[in-house]
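*Asks:* Turn these sequences into a full structure, and let the hints steer you where they fit.
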Amino acid sequence: MRTAPALAATIEVTNTDEWLIAIAAGRAVGISTSATPSNHAHPSLVYRPLADAPTVPVVLAWREGLGHPAIPDLLALAHEVLAARHSGHTAR
46 MRTAPALAAT IEVTNTDEWL IAIAAGRAVG ISTSATPSNH AHPSLVYRPL ADAPTVPVVL
106 AWREGLGHPA IPDLLALAHE VLAARHSGHT AR
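Under the numbering used here, the first residue of the sequence shown is numbered 46, with each subsequent residue one higher.
Worth flagging that the hints you see were computed from the coordinates, not collected in a lab.
Backbone N, C-alpha and C define an ideal beta-carbon position, used for all residues, glycine too.
Careful, some of the hints might be misleading.
Pairwise CB distance ranges, derived in the manner of DEER restraints [what the hints assert, rightly or not]:
1. Leu95 to Asp118: 32 to 38 Å
2. Ala80 to Pro114: 24 to 30 Å
3. Leu122 to Gly71: 37 to 43 Å
4. Pro114 to Ala73: 40 to 46 Å
5. Val91 to Val58: 16 to 22 Å
6. Pro117 to Leu90: 37 to 43 Å
7. Ala69 to Glu125: 34 to 40 Å
8. Ala96 to Val126: 21 to 27 Å
*Replies:* Below you can see the structure in the form of structure tokens.
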């Protein structure tokens, strides 16, 4: 097993696009969720899954107080999809 080189520096970026530009320019590497490739495609980047990477917590958010009337249905669907993924079945 190869040992990773020591971290040379950390760069700060203000958004995902700036982060991806830094990676494409060879100034950085990055780790992200599996949603990044579909939401932020870049012709100079290659995305590879990390085996045994920890799961990323997912949350639903909505404004406090009276929200959209479909929120209860969205919550039910999210629970259904997650339960199906854990059981190995496809929801709906």
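*Asks:* Hint by hint, note whether the structure agrees.
*Replies:* Hints, verified against the model:
1. Leu95 to Asp118: 32 to 38 Å: This hint holds: roughly 34 Å between Cβ atoms.
2. Ala80 to Pro114: 24 to 30 Å: Given range 24 to 30 Å: holds, Cβ gap about 27 Å.
3. Leu122 to Gly71: 37 to 43 Å: holds, 42 Å
4. Pro114 to Ala73: 40 to 46 Å: holds, 44 Å
5. Val91 to Val58: 16 to 22 Å: holds, 19 Å
6. Pro117 to Leu90: 37 to 43 Å: With Cβ atoms ~39 Å apart, the hint holds.
7. Ala69 to Glu125: 34 to 40 Å: Since Ala69 and Glu125 have Cβ atoms about 38 Å apart, the given range 34 to 40 Å holds.
8. Ala96 to Val126: 21 to 27 Å: holds, 24 Å
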